[in-house]
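*Asks:* Following the hints, position chains B and C against chain A.
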Amino acid sequence: MTSSRKSTLLHLGVLALLVVLFFVLPPYHAGNLSRIMVLAIYAMGYNLLFGYTGLLSLGHAMFFAAGMYGFGLTLNLGGWPVPLAFVAGVVCAGALALVIGLLALRTAGVAFMIVTLMFAQTGYLVVLYFGTYTRGDEGFVIQQAQRMLGGFDLTSETGRYVTALILFAICFLGLARLVQTPFGRTLVAIRENEERTRMLGYDAGSHKLRALIISGAVSGVAGAAYALLFGYVGATFATVQYSIFPLLWVLLGGAGTTIGPLIGVFFMFYLIDTSSTYTNAYMLIAGVVLVLLTVFAPQGLAGELRKRVFKWLP
Amino acid sequence: MAAVSILETRGLTKAYGGVLANSDVNFKLAKGKVTALIGPNGAGKSTFVGMVSGRTEATSGQVFFEGQDISHLPAHKRMQLGLAYTFQITSIFPGLSVHENVALAARRKLGKDSEALEAKVQAVLTRVGIADRAEQIAGDLSYGHQRILEIAMGLAQDPHVFILDEPTQGLAESEVDDFIKLVRSLAGETTILLIEHNMKVVMETADFITVLDQGMVLAEGTPAEIHANADVQAAYLGSTPHA
Amino acid sequence: MEFGPHLMLASLEGAVIAAILSLTAMGLSIVFGVMRVVNVAHGEFFMLGAVLAWYVTSALGGHPALGFVAALLIVPVLVAAIAATADRLILKRINYDADRTIVGTIGILYIIQQTTLMTFGPDARPVEAPFNTRLSLPWFEFGENGFAMFWPWGLSTTSYKLFVIAAAVVILLGLWMVITRTKIGLVMRATQQDSEMAQAFGVPVGTVYSLVFGLGAGLAALGAVLVVPIQQAHYLMGHDPLLLSFIVVIIGGLGSLPGTIVAAILIGMSDGIISVFFSPTIAKIIATLLVAMVLVFRPQGLLGKTAP
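Protein chains in written order, with UniProt numbering: chain A, 1 to 314; chain B, 1 to 243; chain C, 1 to 308.
Derived from the structure by calculation, the hints contain no laboratory data.
As the structure is a prediction and not an experimental result, all values here were calculated from the model.
For every residue, glycine included, the Cβ atom is placed at its ideal position computed from N, Cα and C.
Accuracy of the hints is not assured; some may be wrong.
Cβ-to-Cβ under 8 angstroms is the rule here; a few derived chain A residues that face chain C [to be verified]: (1) Val24; (2) Leu128; (3) Leu284.
Beyond 12 angstroms from chain C on every Cβ pair, some chain A residues (computed) [what the hints assert, rightly or not]: (4) Gly174; (5) Phe183; (6) Glu192; (7) Glu195.
Within a straight-line C-alpha distance of at most 25 angstroms, the following computed SDA-like cross-link-like pairs (lysine to any residue) qualify [unchecked claim]: (8) Lys161(C) x Glu13(C); (9) Lys109(B) x Leu209(A); (10) Lys77(B) x Ser5(B); (11) Lys112(B) x Arg185(A); (12) Lys109(B) x Asp203(A); (13) Lys6(A) x Lys112(B); (14) Lys109(B) x Ser4(A); (15) Lys161(C) x Gln231(C); (16) Lys112(B) x Ser4(A); (17) Lys92(C) x Met283(A); (18) Lys92(C) x Glu304(A); (19) Lys112(B) x Arg177(A); (20) Lys92(C) x Val288(A); (21) Lys112(B) x Met283(A); (22) Lys6(A) x Ser5(B); (23) Lys92(C) x Gln299(A); (24) Lys77(B) x Arg210(A); (25) Lys112(B) x Thr181(A); (26) Lys109(B) x Arg177(A); (27) Lys31(B) x Ile70(B); (28) Lys161(C) x Leu236(C); (29) Lys6(A) x Gly95(B); (30) Lys33(B) x Glu66(B); (31) Lys161(C) x Pro5(C); (32) Lys6(A) x Leu117(B).
If we strip away everything but chain A, and leave its shape as in the complex, we get (with noise of 0.2 angstroms):
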């Protein structure tokens, strides 16, 4: 069998996994795995960018929170019928991509981290600024009558998890799609040598602006998302650490890799829900798992299972 056949029968395997866990699971952790699964949507945009092309961010807090917002406002405030307003979250995030793109692309290395995390942080106060719309850090809820696509309701347990199902398997099969195209493949030339890629006549510039674009469109996916299955849009997901948990999922579960950040989600949310129980200082957790994996296993789960196990892991 061939690496490409191993690895579509993988995703579809994935996938088939998730629908019959929907089936089998109690209620309350067929709950968590949808949430599970919209936050792995935007894992899977955060890693485009840092597993694939090599870019930390550290601001993509705002991109998340830009889907968000701007799903959330235009459907509360604006009165936009839901696919619309999810439409306009996904764009916004796409456009703030863009223009952060233009600015912070211009850095590289620590720069960029610093900056993306200046930017971030600047949208965090913008929301607490605009109070008189977002509700700044107390947020607001979004009313489970307006939470309604086509007489579908997507509050029910069911209705959620369908929906998170789907947009996951877009977004899953679509980016296990792109990294393999010319364009994937000279993303991750540019993250192995970004100077070699531009002396191969690539347009090393134009390719990172184009990955950082998608990588927040799909943040924004994941945010819009967010509020629409959980009916909540509130400041706490414009924060850094909002900024830093796709970044310790992607560690976790394999930059680089596929099905890394799932897979980093599911460890993550599972810790930190178990733990979570026992103290109330649960992100003492992240830190340790952060420390842990940078010093013994800088390539995650996914990245050491490549290494040792299966090397045809996409």
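*Replies:* The following block gives chains B and C in isolation, referenced to the frame of chain A:
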């Protein structure tokens, strides 16, 4: 020179602070020939090809490629026009397979045509003699093989002008001989600009030689003419007795 | 109060902020300058300084000055030791690789912050100042009766705040002497110039790195001990100093020590003045946006020299 020139520089100058690395270099590259650029260390050879390829910004002067002024194009645009460049310090994609390294070089032209791409990669790897290592991770190759891979990446682009910056540096004697054969086999197929310290390689491959000294063109001509040139003897060849 | 006295009050508050900030930012700047390491956990070393100061003063009891002096002597050393250990255990192992160091220090940030939450708890706790006399300040004006001096109501500061400003100046001067005049300073500067060369000349670069990382954290802790009688100790208090220090170090030119001081005074004063007259959120928005733009368009810093 009788031959048609494919690449030309006029008054190319590079100043670092107050120091002139290149001053007023007028140079013509004969189409379809192998031209070697030689000169003592610090003569400005790498700066010169850096300005030609677009890696280094020129302080003043112009570069023409196939009649077009490319002085203000960024490096990747110049490569797209048909220049190819190999680095003096090996620059490959160490984490990717040998196959993917070459495929990346060929893909820009062949795009989505995966069959043509595969054929191209195989042909190039066979030509340079590392087809059996296609699936190896490039970073695991020996130094000599990495240099060969770098040349393969240049060839995969089907360049009109192929710039090789000290390709034989650090190679073993037998590898140098293979390299000489390879360059000879390319003669007529493409135009080669070779920066080289190893005078054996220069004398056995080059049709023309340009000597740079202190950032200026000291002499130009056929290997025989250069060999007989008294200025060159004094500035450069005098210090390498076996040449 | 009228505009003039109001501005003077704001400047005094700004000077206190600037004093603390110059100590904290100096720590970040030294670490970046010598080690080329961006320490995201820097704010947590600041927080740790404040929290430990509370522990020391409450353990000693007695006159507040006694506890305060003890804290001033013990806490920075303790925090420096913790930081040096973290350097040895974590940063050294990842070879100070830029990306991994950032991720690693983010990890350290959460470990320190959350451990404090588990032990110290979520409450803010005060430390009593060693002395705290209220000082009224005069204001001069040309009025109907010519030049006059009077004491506007509300225009006052405390002796402790003046002490903080003086202490910061003394500490920074001392630091300057250490860096420029002593052997330790020489070794630090040599390592900053070229760590490989320094290694070749027998400088124990590994030890120097640990010391520098400890010194950076110790300076942050020192700032925190000074500020804790004014601002209470809390497990989340590291966030703002981190952000402000980043801003200072970037505006001042990465790794430039004189630039850091000038920028700390600039940022501290303007933070104090702007937040008296404008909404603090707007001030922060402008500051963070400004920093991002400086990094994008003038990566050598506003005050740094133009790159050659």
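*Asks:* Look at each hint and say if it fits the structure.
*Replies:* Cross-check of the supplied hints:
1. Taking 8 angstroms as the C-beta contact cut-off toward chain C, the hint placing Val24(A) at the interface is violated, the least distance being around 34 angstroms.
2. Look at Leu128(A): its Cβ gets to within about 6 angstroms of chain C, closer than 8 angstroms, so that hint holds up.
3. Hint status for Leu284(A) relative to chain C: holds, with the closest Cβ pair at about 4 angstroms, below 8 angstroms.
4. For Gly174(A), the non-interface assignment is confirmed: its Cβ lies about 27 angstroms from the closest Cβ of chain C, beyond the 12 angstroms cut-off.
5. Every C-beta of chain C lies more than 12 angstroms from that of Phe183(A), the closest at about 24 angstroms, which supports listing it as non-interface.
6. For Glu192(A), the non-interface assignment is confirmed: its Cβ lies about 14 angstroms from the closest Cβ of chain C, beyond the 12 angstroms cut-off.
7. Residue placement check: Glu195(A) keeps its beta carbon more than 12 angstroms from all beta carbons of chain C (closest about 17 angstroms).
8. Straight-line distance between C-alpha atoms of Lys161(C) and Glu13(C) comes to about 8 angstroms, which keeps the hinted pair within the 25 angstroms bound.
9. With a C-alpha separation of about 22 angstroms, the suggested pair Lys109(B) and Leu209(A) falls inside the 25 angstroms cut-off, and the hint holds.
10. For the given pair, Lys77(B) sits about 20 angstroms from Ser5(B) by alpha-carbon distance, which is consistent with the 25 angstroms threshold.
11. Only pairs whose Cα atoms come within 25 angstroms are accepted, and Lys112(B) paired with Arg185(A) is accepted, the gap being roughly 12 angstroms.
12. A hinted pair counts as satisfied when its Cα atoms are at most 25 angstroms apart, and Lys109(B) with Asp203(A) qualifies at roughly 13 angstroms.
13. Simply put, Lys6(A) and Lys112(B) have alpha-carbon atoms about 21 angstroms apart, close enough for the 25 angstroms limit, and the pair holds.
14. Only pairs whose Cα atoms come within 25 angstroms are accepted, and Lys109(B) paired with Ser4(A) is accepted, the gap being roughly 23 angstroms.
15. Restraint check for Lys161(C) and Gln231(C): satisfied, since their Cα atoms lie roughly 11 angstroms apart, inside the 25 angstroms limit.
16. A hinted pair counts as satisfied when its Cα atoms are at most 25 angstroms apart, and Lys112(B) with Ser4(A) qualifies at roughly 16 angstroms.
17. Taking the CA atoms of Lys92(C) and Met283(A), the gap is near 24 angstroms; set against the 25 angstroms cutoff, the hint holds.
18. About 22 angstroms separates the Cα atoms of Lys92(C) and Glu304(A), which keeps this hinted pair within 25 angstroms; it holds.
19. Our distance criterion of 25 angstroms between C-alpha atoms is met by Lys112(B) and Arg177(A), whose separation comes to about 13 angstroms.
20. This hinted pair checks out: Lys92(C) and Val288(A) have alpha carbons roughly 17 angstroms apart, not beyond 25 angstroms.
21. Of the pairs offered as hints, the one joining Lys112(B) and Met283(A) is violated, with about 46 angstroms between alpha carbons and a cut-off of 25 angstroms exceeded.
22. At roughly 51 angstroms between alpha-carbon atoms, Lys6(A) and Ser5(B) are farther apart than 25 angstroms, so this suggested pair is violated.
23. Of the supplied pair hints, the one linking Lys92(C) and Gln299(A) holds, its CA atoms being roughly 19 angstroms apart against a limit of 25 angstroms.
24. At roughly 18 angstroms between alpha-carbon atoms, Lys77(B) and Arg210(A) fall within 25 angstroms of each other, so this suggested pair holds.
25. Proposed proximity of Lys112(B) and Thr181(A) is supported: the alpha carbons are some 8 angstroms apart, at most 25 angstroms.
26. Restraint check: the Cα-Cα separation between Lys109(B) and Arg177(A) comes to about 21 angstroms, which is no more than 25 angstroms; the hinted pair holds.
27. Among the hinted pairs, Lys31(B) with Ile70(B) is consistent with the structure: their alpha-carbon atoms are about 17 angstroms apart, no more than 25 angstroms.
28. Note on Lys161(C) and Leu236(C): the hinted pairing holds, with a Cα-Cα distance of about 23 angstroms set against a maximum of 25 angstroms.
29. Restraint check for Lys6(A) and Gly95(B): the C-alpha separation of about 22 angstroms stays at or below 25 angstroms, so the hint holds.
30. As the CA atoms of Lys33(B) and Glu66(B) are separated by approximately 15 angstroms, the hinted pair is consistent with the 25 angstroms bound.
31. For a cut-off of 25 angstroms, the pair hint linking Lys161(C) to Pro5(C) stands: about 18 angstroms separates their Cα positions.
32. Between Lys6(A) and Leu117(B), the direct Cα distance comes to roughly 22 angstroms. Compliance with the 25 angstroms bound is thereby established for this hinted pair.
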